[in-house]
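Peer 1: Build the full structure now, drawing on both the sequences and the hints.
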Amino acid sequence: MVEDRTTLNRQLAQMLKGGVIMDVTTPEQARIAEAAGACAVMALERIPADIRAAGGVSRMSDPKMIKGIQEAVTIPVMAKCRIGHFAEAQILEAIEIDYIDESEVLSPADDIYHIDKRKFRVPFVCGAKDLGEALRRINEGATMIRTKGEPGTGDIIQAVRHMRLMQSEIRRLVSLNDDELYEAAKQLRVPFDLVQYVHENGKLPVVNFAAGGVATPADAALMMQLGAEGVFVGSGIFKSGNPEKRAQAIVKAVTNYDNPAVLAELSEDLGEAMVGINESEIELLMAERGK
Amino acid sequence: MKIAILALQGAFAEHEQMLRQLGVETILIREHWEDASGLIIPGGESTAMMRIMKDEGLFEPLRQAILDGLPVLGTCAGLIMLDRNHLDVMDIKARRNAYGRQLGSFNTEEEFKGIGKVPMTFIRAPYIEEAGPEVEILARVDGKAVAARQGNMLVTAFHPELTDDTRIHKLFLSIVASANTAR
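Sequence order for the protein chains is C and V. The opening residue of the first sequence carries number 1 in the working numbering; numbering runs sequentially from there. The opening residue of the second sequence carries number 1 in the working numbering; numbering runs sequentially from there.
Some hints here could point you the wrong way.
With a Cα cut of at most 20 Å, we get these calculated EDC-like pairs of lysine to aspartate or glutamate [to be verified]:
| no. | chain 1 | residue 1 | chain 2 | residue 2 |
| --- | --- | --- | --- | --- |
| 1 | C | 245 | V | 56 |
| 2 | V | 54 | C | 265 |
| 3 | C | 203 | C | 183 |
Hints listed in this document are in silico derivations from the structure and should not be mistaken for laboratory results.
Peer 2: Given below as structure tokens:
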């Protein structure tokens, strides 16, 4: 039987649905995340809020640090490489990472080309802020998509904007006549077969998570109701007053996203949320990296 | 016949789709599942599912229902959930991440007892490393047990819901049908 990595990699993402993927910087945090019910962790040296605060060039994490986290937990471990930095991706593949995030949170290594992800056996997740970006990343071999949102801000507005835009563009494609799809493919700058898939199925051919700015159980529920299939939480957990409790609450919020009574209960007494920065107060829009 | 699918985390929608294709009514459970005649525990992350199951107060009621004979199909993480170290309803011990990380995920085709060759998709899959005398092993890959049955409990380390092959779901539905006639 021919090995079909793309399908296997898309299927791993399917197993993560309805789950929360948490940014962690140490094995202890990874264990807290796993115990709280995270379906995967993202291993990185600095969470986005600190990357934002530190400034400078932000790169792939030390493989040793990532390995420490791989040893600490049994759930899938993801790690980030810079946009276009295929050598960093090769290194992450060499340490058998479960998913690579080609991420705008790090400083881009290439301002034109993304990684040719089809060349890899490990799966990739990529950020997108509209349908065109999502389908271009899928065409390059991404097997999971997440909204870009605005990482490290604790401000949900961009993730909402990206998810709403993607969903409305999907609905538009569904409503088109067959003969209008060619022009749609041209406008979106993506191959026809992907446009046709969305037209026929009313969804992306891969799992679509929300990311960037999720700080509270209510934020997670909001994104799920807007059509996310799961949630990434970066700075929101370990930048807050009581990470353990908040992590558990966000996991439960994703399971019970349509049950306000449960959401009310688990939003109580979470301690301080991450401070957060409003979109209008920041100088660097990470979401503008890599289109 | 109504089948409940444990919908806490993971690939529950895929099982739902498969059962719809077979013309079976489904309910996604977090709460009202008492009138279901069978249960599916899908793939996903077993640590996450276990945690949520306990938090939602589903652990004991589901465990009791299965012990009382509610037919159950567990796929991948679902197999792990039914083993001695989790719900402890089936006399098996699962080895988690038995094939390593995602690079170890694979497709194959193997003989499944009573069905024939079936396509099998293994995603960071477990296998059954120990099984008690009441457990019938239904399929092996490279000598490792990857599917088994004990009474009304059916488990696969692979994901029948991710293929077009409906035979394993049909086998489960036949277990459900005969269990309900017996009751």
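Peer 1: Tell me the numbers of any earlier hints that the structure contravenes, in ascending order.
Peer 2: none
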